[in-house]
Amino acid sequence: MFEKKVNDVDKKRVKKEAREGKVAKKKGGKSIGASVLSIVKVLVIAALFAGIVSVIIFMTMENKAEEAQLKTKVVVMKENVAQNTLIKSDEFDKYFVEMSVELTAVPESAYHSIKELPKDGLYIENAMGKS
0 MFEKKVNDVD KKRVKKEARE GKVAKKKGGK SIGASVLSIV KVLVIAALFA
50 GIVSVIIFMT MENKAEEAQL KTKVVVMKEN VAQNTLIKSD EFDKYFVEMS
100 VELTAVPESA YHSIKELPKD GLYIENAMGK S
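The sequence shown runs contiguously to residue 130 in numbering that gives the first Met the number 0.
It is possible that some hints are incorrect.
Within a straight-line C-alpha distance of at most 25 angstroms, the following computed DSS-like cross-link-like pairs (lysine-lysine) qualify [stated by the list, open to error]:
#: 1; residue 1: K72; residue 2: K93
#: 2; residue 1: K14; residue 2: K3
#: 3; residue 1: K77; residue 2: K87
#: 4; residue 1: K114; residue 2: K77
#: 5; residue 1: K87; residue 2: K72
#: 6; residue 1: K87; residue 2: K114
#: 7; residue 1: K93; residue 2: K77
#: 8; residue 1: K118; residue 2: K93
#: 9; residue 1: K77; residue 2: K118
#: 10; residue 1: K72; residue 2: K114
#: 11; residue 1: K15; residue 2: K4
#: 12; residue 1: K87; residue 2: K40
#: 13; residue 1: K14; residue 2: K4
#: 14; residue 1: K114; residue 2: K93
#: 15; residue 1: K15; residue 2: K3
#: 16; residue 1: K118; residue 2: K72
#: 17; residue 1: K70; residue 2: K114
Per label pair, the in silico range of CB-to-CB distance [as the list claims (entries may be wrong)]:
#: 18; residue 1: V80; residue 2: V52; range: 47 to 55 angstroms
#: 19; residue 1: N125; residue 2: L102; range: 55 to 63 angstroms
#: 20; residue 1: V100; residue 2: A46; range: 54 to 62 angstroms
#: 21; residue 1: V41; residue 2: M98; range: 49 to 57 angstroms
#: 22; residue 1: A64; residue 2: V96; range: 22 to 30 angstroms
Bear in mind the hints are in silico, worked out from the structure with no lab data behind them.
Glycine residues also receive a C-beta, built at the ideal position from the N, C-alpha and C atoms.
Could you build all of it, start to finish, from the sequences and the hints given here?
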């Protein structure tokens, strides 16, 4: 009933749009803009993932460093010792071992290495055992 009359200007415009559409299309039917957008998405996702992983690694390393600062080495007994026992200096390795302990749990009078123990030996008055 009502038809639009197509003049020469409209025909040229339609042909031009068809040509530009063919040039803009790539393999698979995607336009150049869509393919660039998909590449950018892939790169952004990969960069975001790498950033998250590096932050997690940094945080764990920082926690381990703080943990190491809050500990100190002390000499502890590794064997049960009977009451009234004299431990000579050559037997220190049999009864004692150095361990890392939290800094807040260490008394001021604690020995920090086996070399600090008295050279003439230790006398144990009370029985020491696991409780």
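Taking the hints in turn, this is what the structure says about them:
With a C-alpha separation of about 18 angstroms, the suggested pair K72 and K93 falls inside the 25 angstroms cut-off, and the hint holds. Taking the CA atoms of K14 and K3, the gap is near 17 angstroms; set against the 25 angstroms cutoff, the hint holds. For the hint linking K77 to K87, the alpha-carbon distance of about 15 angstroms falls within 25 angstroms, and the restraint holds. Distance check on the hinted pair: K114 and K77 sit about 16 angstroms apart at the alpha-carbon level, within 25 angstroms; holds.
This hinted pair checks out: K87 and K72 have alpha carbons roughly 22 angstroms apart, not beyond 25 angstroms. Taking the CA atoms of K87 and K114, the gap is near 13 angstroms; set against the 25 angstroms cutoff, the hint holds. Between K93 and K77, the direct Cα distance comes to roughly 8 angstroms. Compliance with the 25 angstroms bound is thereby established for this hinted pair. Taking the CA atoms of K118 and K93, the gap is near 15 angstroms; set against the 25 angstroms cutoff, the hint holds.
At roughly 19 angstroms between alpha-carbon atoms, K77 and K118 fall within 25 angstroms of each other, so this suggested pair holds. Pair hint K72 plus K114 holds up; C-alpha atoms about 13 angstroms apart against a cutoff of 25 angstroms. With a CA separation close to 19 angstroms, the supplied pair K15 and K4 stays within the 25 angstroms bound. With a CA separation close to 72 angstroms, the supplied pair K87 and K40 exceeds the 25 angstroms bound.
A hinted pair counts as satisfied when its Cα atoms are at most 25 angstroms apart, and K14 with K4 qualifies at roughly 16 angstroms. With a C-alpha separation of about 14 angstroms, the suggested pair K114 and K93 falls inside the 25 angstroms cut-off, and the hint holds. Note on K15 and K3: the hinted pairing holds, with a Cα-Cα distance of about 19 angstroms set against a maximum of 25 angstroms. The suggested pairing of K118 with K72 holds, with an alpha-carbon distance near 20 angstroms, which does not exceed 25 angstroms.
The straight-line distance between the Cα atoms of K70 and K114 is roughly 19 angstroms, inside the 25 angstroms bound, and the hint therefore holds. Evaluation of the 47 to 55 angstroms hint for V80 and V52 yields a pass: the beta carbon distance comes to about 50 angstroms. A C-beta distance of roughly 26 angstroms is found between N125 and L102, which places it outside the suggested range of 55 to 63 angstroms. Between V100 and A46 the beta carbon distance is about 43 angstroms. The supplied range of 54 to 62 angstroms is therefore violated.
Between V41 and M98 the beta carbon distance is about 51 angstroms. The supplied range of 49 to 57 angstroms therefore holds. Evaluation of the 22 to 30 angstroms hint for A64 and V96 yields a pass: the beta carbon distance comes to about 25 angstroms.
Hint check: violations occur at hints 12, 19, 20; the rest are consistent with the structure.
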